[in-house]
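Asks: With the sequences and hints as input, model every part of the structure.
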Amino acid sequence: MVTTTTHKTLRGPRAGIIFYRKGVRSVKANGQRVMYELEGKINQAVIKNAQRLCAGLTSRGYAIATGGTDVHLALVDMRSKGLTGAPAERVLELCSIACNKNTVPGDKSALNPSGIRLVLSCEERVLELCSIACNKNTVPGDKSALNPSGIRLGKTRCCAVIVVDFIDKALQLGQEITKVSGPKVADFNKVIGENADFKSKIAKLKEEVENFSQAFHLPGFEKY
Numbered sequence: 001m002v003t004t005t006t007h008k009t010l011r012g013p014r015a016g017i018i019f020y021r022k023g024v025r026s027v028k029a030n031g032q033r034v035m036y037e038l039e040g041k042i043n044q045a046v047i048k049n050a051q052r053l054c055a056g057l058t059s060r061g062y063a064i065a066t067g068g069t070d071v072h073l074a075l076v077d078m079r080s081k082g083l084t085g086a087p088a089e090r091v092l093e094l095c096s097i098a099c100n101k102n103t104v105p106g107d108k109s110a111l112n113p114s115g116i117r118l119v120l121s122c123e124e125r126v127l128e129l130c131s132i133a134c135n136k137n138t139v140p141g142d143k144s145a146l147n148p149s150g151i152r153l154g155k156t157r158c159c160a161v162i163v164v165d166f167i168d169k170a171l172q173l174g175q176e177i178t179k180v181s182g183p184k185v186a187d188f189n190k191v192i193g194e195n196a197d198f199k200s201k202i203a204k205l206k207e208e209v210e211n212f213s214q215a216f217h218l219p220g221f222e223k224y
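Per UniProt numbering, the very first residue in the sequence shown carries number 1; after that it's consecutive.
If you're looking for bench data, these hints aren't it; they were derived computationally from the structure. Since we're looking at a predicted model, the values are computed, not measured. Glycine is no exception: its CB is placed at the ideal position from the N, C-alpha and C atoms. Errors might be hidden in some of the hints.
[Claimed, not checked] Here are the simulated DSSO-like pairs of lysine-lysine, each with C-alpha atoms no more than 30 Å apart in a straight line:
id	residue 1	residue 2
1	Lys8	Lys41
2	Lys108	Lys190
3	Lys179	Lys8
4	Lys169	Lys206
5	Lys81	Lys48
6	Lys22	Lys8
7	Lys108	Lys41
8	Lys8	Lys28
9	Lys48	Lys22
[To be verified] What follows is a list of derived Cβ distance ranges for each label pair:
id	residue 1	residue 2	range
10	Gly67	Val185	26 to 34 Å
11	Gly40	Val180	42 to 50 Å
12	Glu210	Gly61	56 to 64 Å
13	Gly193	Val24	54 to 62 Å
14	Ala98	Asp197	43 to 51 Å
15	Val185	Pro13	30 to 38 Å
16	Arg21	Gly67	36 to 44 Å
17	Tyr36	Lys190	48 to 56 Å
18	Gly106	Pro13	51 to 59 Å
19	Lys184	Gly67	14 to 22 Å
20	Thr5	Ala215	39 to 47 Å
21	Gly82	Leu111	13 to 21 Å
Replies: Below you can see the structure in the form of structure tokens.
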């Protein structure tokens with residue numbers, strides 16, 4: 001038995017899935033059974049998203065703690081940029097970009113981590129966003145071609161720079177704030193709350209991020 005969530009790498013509504021058996025997807029004319037293999041395709045797409053994000057951040061001078069990634073997340077070491085995890089997390093959050101502060105190799109305390117963790121997901125619109133061209137596609141069991149449950153991967157194209165650019169702008173803003181506030185997180189938050197110029201810059205970038213993200217529908221229940 002395997003369990004997982006639908007709201008992380010699958011980018012669905014907040015819920016869970018319980019797999020209790022391996023099903024047959026279809027049966028060929030010769031009687032050979034074809035098993036489901038969707039998890040492999042989805043996982044590979046997620047990994048490609050994460051690798052493209054890492055490559056984009058590296059090109060902007062950010063250090064990836066492991067030199068890259070072969071999983072669904074990117075661990076970014078912020079020390080080379082003069083930031084620690086908490087201020088980086090906070091400024092990204094204020095700009096509507098979700099992440100978590102995270103320890104990286106060399107940290108002495110988990111209470112003051114030097115990195116941030118960015119997690120990637122997989123869905124047709126998000127794949128397009130992160131440079132992986134694909135098309136929605138019907139799978140066995142779908143009742144309508146207008147509302148398919150699957151994706152079909154195709155050629156790649158380069159547009160991940162948009163996402164990296166948003167992250168980079170927010171973190172550059174974090175650097176500016178730190179120069180005024182100093183290293184303490186409490187002072188960092190105080191400056192954000194009191195400095196009209198920083199508040200204006202954050203609001204502007206937040207608007208850009210939210211306007212861009214509105215094109216990518218988040219599955220769920222509309223009334224909630």
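Asks: Now look at each hint and say whether the structure bears it out.
Replies: Verification of the supplied hints:
1. Lys8 - Lys41: Given that 30 Å is the threshold and the Cα spacing comes to 16 Å, the pair holds.
2. Lys108 - Lys190: holds, 26 Å
3. Lys179 - Lys8: violated, 34 Å
4. Lys169 - Lys206: holds, 11 Å
5. Lys81 - Lys48: It holds: about 25 Å lies between the C-alpha atoms, which stays within 30 Å.
6. Lys22 - Lys8: holds, 22 Å
7. Lys108 - Lys41: violated, 38 Å
8. Lys8 - Lys28: violated, 34 Å
9. Lys48 - Lys22: Holds: Lys48 and Lys22 sit about 26 Å apart, inside 30 Å.
10. Gly67 - Val185: 26 to 34 Å: holds, 28 Å
11. Gly40 - Val180: 42 to 50 Å: holds, 49 Å
12. Glu210 - Gly61: 56 to 64 Å: 26 Å Cβ-Cβ, so the 56 to 64 Å window is violated.
13. Gly193 - Val24: 54 to 62 Å: holds, 58 Å
14. Ala98 - Asp197: 43 to 51 Å: 25 Å Cβ-Cβ, so the 43 to 51 Å window is violated.
15. Val185 - Pro13: 30 to 38 Å: About 33 Å separates the Cβ atoms of Val185 and Pro13, which means 30 to 38 Å holds.
16. Arg21 - Gly67: 36 to 44 Å: The hinted range 36 to 44 Å holds for Arg21 and Gly67, with Cβ atoms some 39 Å apart.
17. Tyr36 - Lys190: 48 to 56 Å: holds, 53 Å
18. Gly106 - Pro13: 51 to 59 Å: violated, 38 Å
19. Lys184 - Gly67: 14 to 22 Å: violated, 31 Å
20. Thr5 - Ala215: 39 to 47 Å: violated, 25 Å
21. Gly82 - Leu111: 13 to 21 Å: Cβ of Gly82 to Cβ of Leu111: about 19 Å, so the range 13 to 21 Å holds.
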